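> One-letter residues, chain by chain:
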Amino acid sequence: MRAQTMAYFDQLIPSGMLLAKEAKEQGRNIVGYYCVFSPIELIEAAGAIPVGLCATKQEPIAEAEKVLPRNLCPLVKSSYGFAVSGKCPFFHFSDLVLAETTCDGKKKMYELLAEHKPMIVLDIPNSSNFEDNQEHWIKQVYRAKAYFEKNLGTEITEEKLADVIKIYNEERKLLMELVSLNKQHPTPISGTDLLKVMWGRSFQFKRDEFTAKVKELIAELKDMAARGESASQVSSKRILVTGCPTGVGQEKVMRIIEESGGAIVLQESCSGIKAFVDLVSEEMDPFEALADKYSKTPCSCVSPNKRRLELLSRLVEEYRIDGVVDITLQACHTYNIESYSVKEHLKKKHNLPLLQVETDYSDADSQQIKLRVDAFLEML
Amino acid sequence: MKWSIGIDIGSVSTKGVLYNGQVWHSEVISTGWSPSQAGKEVLERLLLTHGLTRDQIQIVVGTGYGRIQEGMFDKTFSEITCHARGSSYLLPEACGFIDIGGQDSKVVALAKTGKVRDFVLNDKCAAGTGRFLQVTAQTMGLEVSQLSDLAREANSVAINSMCAVFAESEVIGLLAQGISKSCIIAGLLQSIAKRIGVMAGKLNFQGCIIFCGGVAQNQVLKGLLSKEIGCKLFVPPKPQSIGALGAAILGYDLIKEEE
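Order-wise, the sequence lines are chains A and B. Heads up, the first sequence is in numbering that gives the first Met the number 0, so the first residue is 0 and it goes up one at a time. Heads up, the second sequence is in numbering that gives the first Met the number 0, so the first residue is 0 and it goes up one at a time.
Don't read these hints as lab results, they were simulated from the structure. It cannot be assumed that every hint is accurate.
Stated by the list, open to error - Using 20 Å as the maximum straight-line C-alpha spacing, the simulated EDC-like pairs for lysine to aspartate or glutamate come out as follows:
{"hint": "1", "chain 1": "A", "residue 1": "346", "chain 2": "B", "residue 2": "117"}
{"hint": "2", "chain 1": "B", "residue 1": "111", "chain 2": "A", "residue 2": "377"}
{"hint": "3", "chain 1": "A", "residue 1": "347", "chain 2": "B", "residue 2": "117"}
{"hint": "4", "chain 1": "B", "residue 1": "74", "chain 2": "A", "residue 2": "377"}
{"hint": "5", "chain 1": "A", "residue 1": "369", "chain 2": "B", "residue 2": "258"}
{"hint": "6", "chain 1": "A", "residue 1": "369", "chain 2": "B", "residue 2": "227"}
{"hint": "7", "chain 1": "B", "residue 1": "74", "chain 2": "A", "residue 2": "258"}
{"hint": "8", "chain 1": "B", "residue 1": "201", "chain 2": "A", "residue 2": "258"}
{"hint": "9", "chain 1": "A", "residue 1": "342", "chain 2": "B", "residue 2": "117"}
{"hint": "10", "chain 1": "B", "residue 1": "114", "chain 2": "A", "residue 2": "321"}
{"hint": "11", "chain 1": "B", "residue 1": "114", "chain 2": "A", "residue 2": "258"}
{"hint": "12", "chain 1": "B", "residue 1": "201", "chain 2": "A", "residue 2": "9"}
What the hints assert, rightly or not - Using C-beta positions, here's what the derived DEER-type ranges look like:
{"hint": "13", "chain 1": "B", "residue 1": "11", "chain 2": "A", "residue 2": "68", "range": "31 to 39 Å"}
{"hint": "14", "chain 1": "B", "residue 1": "140", "chain 2": "A", "residue 2": "110", "range": "49 to 57 Å"}
{"hint": "15", "chain 1": "A", "residue 1": "329", "chain 2": "B", "residue 2": "110", "range": "42 to 50 Å"}
{"hint": "16", "chain 1": "B", "residue 1": "255", "chain 2": "A", "residue 2": "182", "range": "46 to 54 Å"}
What the hints assert, rightly or not - Partial selection, computed: residues in chain B whose CB lies under 7 Å from chain A:
{"hint": "17", "residue": "77"}
{"hint": "18", "residue": "79"}
{"hint": "19", "residue": "80"}
{"hint": "20", "residue": "115"}
A quick note: this is a predicted structure, and the numbers were derived from the prediction, not measured. Think of the CB as a built atom: it goes at the ideal place given N, C-alpha and C, for glycine as much as any other residue.
With the hints as constraints, model all of the structure from the sequences given.
So this is what it looks like as structure tokens:
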């Protein structure tokens with residue numbers, strides 16, 4: 000059984016395209032971004048609209064491969080292909096891009112993308128235990144502040160930023176409230192629907208409308224649960240999805256898990272709760288608070304990445320997980336290597352099995368993935 | 000008497016097993032271009048040979064890549080689960096199995112209970128599979144069944160390409176250099192053993208392993224694999240049919256549960 004409010008979230012990305020066009024016509028500034036490391040509160044506080052950029056479909060990859068090597072992560076290729084082929088309206092309407100030095104593929108791709116759009120590339124330290132991590136991050140936040148102020152002709156005041164932080168925190172709490180409904184068994188909302196809400200968030204910039212709809216969805220799901228309606232079966236195994244971002248348009252693996260009878264309880268990855276699980280401090284100086292929150296993003300690009308293991312430990316207990324599926328993209332070295340550490344960690348600390356599915360955006364391997372997923376679910 | 004049937008529709012051959020809780024009978028046919036036709040045919044053959052009708056079979060369980068045929072089976076399981084059941088039935092102390100089939104290879108670790116503990120698959124290319132052997136054997140004008148005898152006494156030559164397409168060109172190159180077919184075959188088998196050995200290394204085997212799938216009929220490969228993994232390998236009778244056997248037993252287990 001599916002909540003009726005989901006119809007709104009089904010349309011989030013297409014309606015976001017129209018909103019972007021309208022906003023441009025009204026003379027608003029738009030800043031595009033790709034990554035959960037992007038301190039997007041700064042964009043909002045600069046009076047501009049932060050919007051996610053397209054990166055999760057197979058379609059523009061052929062265009063990207065005219066320039067980029069074939070043996071590169073599909074997310075990086077898709078991002079570039081979407082942008083340069085003009086097929087991503089959000090990129091088209093963006094005045095600026097907020098980029099970041101995360102993985103090698105992305106940072107080298109940004110060098111090429113900078114030819115097509117003015118951008119600032121935040122320098123993100125690779126070492127999580129780098130002594131000057133905090134100071135470095137604060138400097139980057141101020142660097143971005145100066146860049147937006149200069150290029151958008153505005154001022155980002157402490158007050159404005161503090162206000163935005165408050166609004167964004169409330170939204171984070173609300174999204175986590177939605178996710179936490181899935182602590183129940185059987186789960187009230189499917190993993191692919193949760194993805195639509197969380198991924199869609201970046202493409203909808205009427206914050207009030209979005210939060211009102213999330214509240215409506217929560218209320219509807221609670222009613223449904225009270226009536227005994229759910230998105231999965233009592234016999235369904237409870238699956239946590241982790242790994243590379245799995246955005247709308249490349250739900251292949253998640254769909255196979257759900258079609259094979261698994262219940263995706265939540266996604267730990269960037270397309271799931273990663274951006275929402277931690278709040279920005281409202282006690283600290285707002286610029287330093289941003290640096291503090293974003294520097295702690297548990298991404299495989301930083302080393303060592305103990306925070307991801309800690310987060311997973313917490314989630315598998317809180318959400319009573321039966322098995323973890325690690326979706327990694329081909330040529331994503333950091334997540335592919337980290338898969339081993341995650342598997343060992345879950346086995347030793349929680350006696351939980353992990354299935355790694357290495358894939359790309361094409362459908363060519365669907366049958367092979369189905370075999371792995373079926374065997375994994377039968378094993379649990 | 001209660002009967003169950005397990006049918007494993009693979010890429011190259013389709014296997015069927017009839018089981019009654021005590022004895023099992025198997026049939027193997029070539030899958031051809033129609034997996035559903037092959038499934039039906041193997042079922043009919045089993046019934047005919049043993050003088051049974053479809054009504055006398057309580058459950059038909061499907062597995063293999065053709066298990067998705069609508070309406071053909073009462074129940075389906077992945078071939079990994081089926082091979083696990085078949086393996087632990089034949090050798091309860093087995094700590095895992097290696098199945099090298101026509102188009103993929105699976106290395107699976109079993110828990111003491113006989114259930115799947117973990118698995119590693121190679122199913123995205125033909126490297127190290129029956130198909131790989133077939134392609135390279137054809138290049139030398141040989142049948143897969145001849146390979147074991149030819150390689151028995153030979154010193155292996157290093158084969159570096161694991162891709163079936165590139166290995167074919169490499170084999171042609173080696174033949175041009177005058178290297179004997181026997182040494183090339185020994186090299187091919189060695190390269191498969193190495194590849195499977197790496198997969199097995201991820202699963203920390205300690206104990207006896209079942210070696211099944213059509214390629215398990217190759218005695219030389221069995222020896223090489225055993226050395227590579229450092230474990231004793233056991234090739235069951237009819238190694239191709241272990242998945243179908245497992246499917247039949249899983250079906251039989253379900254009949255018993257219902258009673």
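> It remains to establish, for every hint, whether it holds in the given structure.
Status of each hint after checking the structure:
1. A threshold of 20 Å between alpha carbons decides the hint, and for residue 346/A with residue 117/B the separation of about 11 Å falls inside it, so the pair holds.
2. With a CA separation close to 16 Å, the supplied pair residue 111/B and residue 377/A stays within the 20 Å bound.
3. This hinted pair checks out: residue 347/A and residue 117/B have alpha carbons roughly 14 Å apart, not beyond 20 Å.
4. A hinted pair counts as satisfied when its Cα atoms are at most 20 Å apart, and residue 74/B with residue 377/A qualifies at roughly 13 Å.
5. At most 20 Å may separate the alpha-carbon atoms for a hinted pair to count; residue 369/A and residue 258/B exceed this at roughly 31 Å.
6. Between residue 369/A and residue 227/B the CA atoms are separated by roughly 30 Å; this puts the pair beyond 20 Å, and the hint is violated.
7. Taken as a hint, the residue 74/B and residue 258/A pair is honoured in the structure, with Cα atoms around 16 Å apart against an allowance of 20 Å.
8. With a C-alpha separation of about 29 Å, the suggested pairing of residue 201/B with residue 258/A is violated against the 20 Å cut-off.
9. The suggested pairing of residue 342/A with residue 117/B holds, with an alpha-carbon distance near 11 Å, which does not exceed 20 Å.
10. The suggested pairing of residue 114/B with residue 321/A holds, with an alpha-carbon distance near 16 Å, which does not exceed 20 Å.
11. Between residue 114/B and residue 258/A the alpha-carbon distance is near 23 Å, which puts this suggested pair outside the 20 Å criterion.
12. Restraint check for residue 201/B and residue 9/A: the C-alpha separation of about 41 Å exceeds 20 Å, so the hint is violated.
13. Here the CB-CB span from residue 11/B to residue 68/A is close to 35 Å, well matched to the stated 31 to 39 Å.
14. Taking 49 to 57 Å as the suggested C-beta distance range, the pair residue 140/B and residue 110/A conforms, at roughly 53 Å.
15. Checked against the hint of 42 to 50 Å, the C-beta distance between residue 329/A and residue 110/B comes to roughly 31 Å, which is inconsistent with it.
16. At roughly 36 Å, the beta-carbon separation of residue 255/B and residue 182/A lies outside the given 46 to 54 Å, and the hint is violated.
17. Satisfaction of the interface hint for residue 77/B is found here, the shortest Cβ-Cβ separation to chain A being roughly 4 Å, below the 7 Å cut-off.
18. This hint holds: residue 79/B has a C-beta 4 Å from the nearest C-beta of chain A, less than the 7 Å allowed.
19. The beta carbon of residue 80/B is positioned within 7 Å of a beta carbon in chain A (closest approach about 4 Å), and the interface hint is therefore held.
20. At a threshold of 7 Å, the smallest CB-CB gap from residue 115/B to chain A is about 4 Å, leaving the interface hint in force.
Hint compliance for this structure: hints 5, 6, 8, 11, 12, 15, 16 are not met, and every other hint is.
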